[in-house]
Amino acid sequence: MDTQKLAAIERLLSRVEKPARYIGGEMNTQVKPRQSDTAAFAFCFPDTYEVAMSHLGMKILYDILNRQPDMLCERVMMPWHDMADHLRREDIPLFSLETRTALYDFDLVGFTLQYEMSFTNILEMLSLGGISLRGSERGQNEPIVIAGGPCAFNPEPLSPFIDCFVIGDAETAIVEVTGLVKQMRLAAAPRADILFALSQIEGCYVPSLYEATYHEDGTLKAFTPIREGVPATVRKRIEMDLDAASFPESIAVPYTEIVHDRIALEIMRGCTRGCRFCQAGMLYRPVRERSPEKLLALAEKLVAATGYEEISLSSLSSGDYGQLAELVRGLMERFAKDRVSVSLPSMRVDSLVKQTLEETRAVKKSGLTLAPEAATQRLRDVINKGVTEADILRSVSDAFQSGWSNVKLYFMIGLPTETDEDLEAFADMARLVTGAYFAVPKEQRAPGLRVTMSAATFVPKPVTPFQWAAQDTLPEIRRKQALLRTALRSVKGVQFNWHEPELSVLEACVARGDRRIGEVIYTAWQKGCRLDGWREHFKFDTWLEAFSACGLDPDFYAARERGRHEVLPWDFIDTGVTRQYLWLERERAMAGTVTPDCRDGCEGCGLRRFDGVCVP
Amino acid sequence: MKMIVMFSLKDRLKHIGHLDLMRAMQRALRRSGLPVCYSQGFNPHILLSFAAPLSVGMEGEREVMEVPLSEDVAPDTFTARLNDALPPLVRCLSARQVADDHPAAMAQLGAAQFEITPLESADMLLAAVPGFLAQESIPAMRKSKKGMVPVDLRPLIYNLRVKDGHLEALLALHPSGTCKPDLMMQALSSFAGLPTPAPYDIRRTALLTERFSPLEEA
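Chains as they are written, first to last, in this note's numbering: chain L, 452 to 1067; chain G, 11 to 228.
Treat the hints as calculated values from the structure; they're not laboratory data.
This structure is a prediction, so every number in the text was calculated from the model and none was measured.
Certain hints may be false.
Said to hold, decoys possible - Pairs of lysine-lysine, DSS-like flavour, derived with a Cα cap of 27 Å: (1) G/Lys12 - L/Lys788; (2) L/Lys788 - L/Lys752; (3) G/Lys20 - L/Lys469; (4) L/Lys483 - L/Lys456; (5) L/Lys633 - L/Lys483; (6) L/Lys859 - L/Lys752; (7) L/Lys990 - L/Lys469; (8) G/Lys155 - G/Lys190; (9) G/Lys190 - G/Lys20; (10) G/Lys20 - L/Lys483; (11) L/Lys788 - L/Lys745; (12) G/Lys173 - G/Lys20; (13) L/Lys456 - G/Lys20; (14) L/Lys469 - L/Lys456; (15) L/Lys943 - L/Lys978; (16) L/Lys990 - L/Lys978; (17) G/Lys153 - G/Lys190; (18) G/Lys12 - L/Lys469; (19) G/Lys190 - L/Lys469; (20) G/Lys190 - G/Lys156; (21) L/Lys469 - G/Lys173.
Model the full structure from these sequences, guided by the hints.
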């Protein structure tokens, strides 16, 4: 960027909210020199700095790319609205934190797709970054725009804007993709040739090489490659050996406070529980663990490199990690004297070990979080959340006896087959928890009981047994929320939180959207939608206008039950789990039949078709 | 014992807040492995105090902090190890070992020196300085816990002069009276006849005692 623009950025920083979001220069960030043959990769996170810097995947890929001698990776995040407006008004391109390089000056621009409601931010970032929004409009010298992450498992809504999606684990794939793009750009290969070459890499989906046709009723008729040699099915990438997979030994330490300001140690990938609403549980199969030895060595290096005072053990279901007790004990022994605490997020209620709890508390005290998801056993069986009331009671009793007084419980409303009785049972659940607290003698329990019950609205997701299900309509969700508020009013000491249902409805539209939803996202962005995940910026009415301008009906996407044989927009991606298995699980859900954890015996989800995975 | 530490903070890091700097310094001290002291309680933190918080947007040339230590460390060793652990834009310039009962730096603070570079209307501002200082009083409104209160800035501006196209200001920084540079610049802009306060770059170049000697030596 020229010196005038750089000076203008400096002046802007004195005028915007939280300028520390845009300064870079954090401890352990990398500024690598760029030679003509260096592949320059802009890692784009379509949300604010505080959210972006809390994300482990970005840290892993940033580290991997910067370890390659002929590659460099810099970070770009979604600016807050004030900064975005200033940049546009003063004609300053969106820039990287490390060297303030304009987004359009990179060889590759890669977005991570963590949440559907960040999709307008991708358009905003491309636009601010001086890159043509649509892949079809991009010129020869513009960057190749790629995307990955969980939302890439239904890439279709973003297909007009992304040149190539990378599906599945990206540790190895990102180096292959980056290397190939740079090599071909150096050889001045035409853009179309680069895209075709990318389509030949396993896990890569190049949307411009496929065509979708529709039935008269708007459902998908067929989805096929338009060119010979382009695979009809795209198979996800899997890193089988986590000990061998790259993990950073140092991570950036932000100056400003972020959402998760600690070391995240990924102990395991995947989950075998088979909760039927859970997309991550299906996408990240099979389960793979890092060894305690590897984790202790990584923790040692990360603590020394960062000075962080907290390590969190990260995975979909940390309680299921095979050697949890050994690992926690090892970390405690090593780090207690350095006052480094260990926390275990997303603990499943049935895997809480009282001893582990006590060890955790030995250094730092935080709240206990449980996710029963549904308040009755019947509904928990439908969603295959293998947790009983007795499990929950035991967990909270143990916690209260060990001196905890702060419990958060997460639920969903609008789950398939849910009735009003399932909702009224929230109050019983609340009384069960408060009762467990008061059952502990006063002198033994910590004062100040705080129970928070949060109810999210169920969003049916692709690649789950509920991918065919209808979401509740807005009026129905509002009625259920009101019913819950009334039911919980009678229980003392419980705080009830709920989410805005409009956001969940829109999330459902985009999550299971097809190619045509791309036009809705584009129109909504043009009408001023961005930062949709932030309550103060979310404009539901504008989104509805965008749907109608595109001639599409939100109910078609969110509130419609799909037929067993309907072609779904993401069917062409092979996640390992078969459609037949998902349908079988759906049938079991409707019958209220539970499916055991597949560690206790193969359920035939389909992953065994992949070589070398899922060793019993 | 404790260390009285002089450090600088410059460039992009001027945009971080006081609490951000506190956290960054604590983490650097943890990385350095120096024998720091921790607070008691459930969430122990490293004991550390800054003589005067630096405002967001301000670079600091000779900032002062105190770090209690549990073991003796030679000042040169302290400086070297802390610099190894600090981000490049924060530098430890010197350290001096004093006894635990040595008066706190914060308690000895009397004034601060600033270098201010106007980014617009510089000529008008610089030309207005003699007249500005010749005023008997410079009334302004200061934010306090009880809302806005009137304050006379004139006795709190110890010195203000033009030097190489910058302003060099020596301003009171004391419990009995403080002149914040932004208040002075507002008053100067308005005295110079500008409709809105002119934007400027600012650096705090020194922290001083009531007798105007360097705070890090006190």
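Verification of the supplied hints:
1. Our distance criterion of 27 Å between C-alpha atoms is met by lysine 12 of chain G and lysine 788 of chain L, whose separation comes to about 22 Å.
2. Note on lysine 788 of chain L and lysine 752 of chain L: the hinted pairing holds, with a Cα-Cα distance of about 16 Å set against a maximum of 27 Å.
3. With a C-alpha separation of about 17 Å, the suggested pair lysine 20 of chain G and lysine 469 of chain L falls inside the 27 Å cut-off, and the hint holds.
4. Taking the CA atoms of lysine 483 of chain L and lysine 456 of chain L, the gap is near 22 Å; set against the 27 Å cutoff, the hint holds.
5. Taking the CA atoms of lysine 633 of chain L and lysine 483 of chain L, the gap is about 16 Å. The hint holds against a cut of 27 Å.
6. Using a Cα cut-off of 27 Å, the hinted pair lysine 859 of chain L and lysine 752 of chain L is violated, with the two alpha carbons roughly 33 Å apart.
7. Using a Cα cut-off of 27 Å, the hinted pair lysine 990 of chain L and lysine 469 of chain L holds, with the two alpha carbons roughly 24 Å apart.
8. For the suggested pair lysine 155 of chain G and lysine 190 of chain G, the alpha carbons sit about 16 Å apart, so the restraint of at most 27 Å is met.
9. Taken as a hint, the lysine 190 of chain G and lysine 20 of chain G pair is honoured in the structure, with Cα atoms around 20 Å apart against an allowance of 27 Å.
10. For the proposed pair lysine 20 of chain G and lysine 483 of chain L, the alpha carbon gap of about 21 Å is at most 27 Å, so the pair holds.
11. For the given pair, lysine 788 of chain L sits about 21 Å from lysine 745 of chain L by alpha-carbon distance, which is consistent with the 27 Å threshold.
12. For a cut-off of 27 Å, the pair hint linking lysine 173 of chain G to lysine 20 of chain G stands: about 21 Å separates their Cα positions.
13. Taking the CA atoms of lysine 456 of chain L and lysine 20 of chain G, the gap is about 20 Å. The hint holds against a cut of 27 Å.
14. Of the pairs offered as hints, the one joining lysine 469 of chain L and lysine 456 of chain L holds, with about 20 Å between alpha carbons and a cut-off of 27 Å not exceeded.
15. For the proposed pair lysine 943 of chain L and lysine 978 of chain L, the alpha carbon gap of about 45 Å is over 27 Å, so the pair is violated.
16. Among the hinted pairs, lysine 990 of chain L with lysine 978 of chain L is consistent with the structure: their alpha-carbon atoms are about 10 Å apart, no more than 27 Å.
17. A C-alpha spacing of about 11 Å is found between lysine 153 of chain G and lysine 190 of chain G, which places the hinted pair at or below 27 Å, so the restraint holds.
18. Only pairs whose Cα atoms come within 27 Å are accepted, and lysine 12 of chain G paired with lysine 469 of chain L is rejected, the gap being roughly 33 Å.
19. For the hint pairing lysine 190 of chain G with lysine 469 of chain L, the CA-to-CA distance comes to about 21 Å; that is within 27 Å, so the pair holds.
20. With a C-alpha separation of about 18 Å, the suggested pairing of lysine 190 of chain G with lysine 156 of chain G holds against the 27 Å cut-off.
21. For the hint pairing lysine 469 of chain L with lysine 173 of chain G, the CA-to-CA distance comes to about 32 Å; that exceeds 27 Å, so the pair is violated.
The structure does not agree with the numbered hints 6, 15, 18 and 21 stated previously, though it agrees with the rest.
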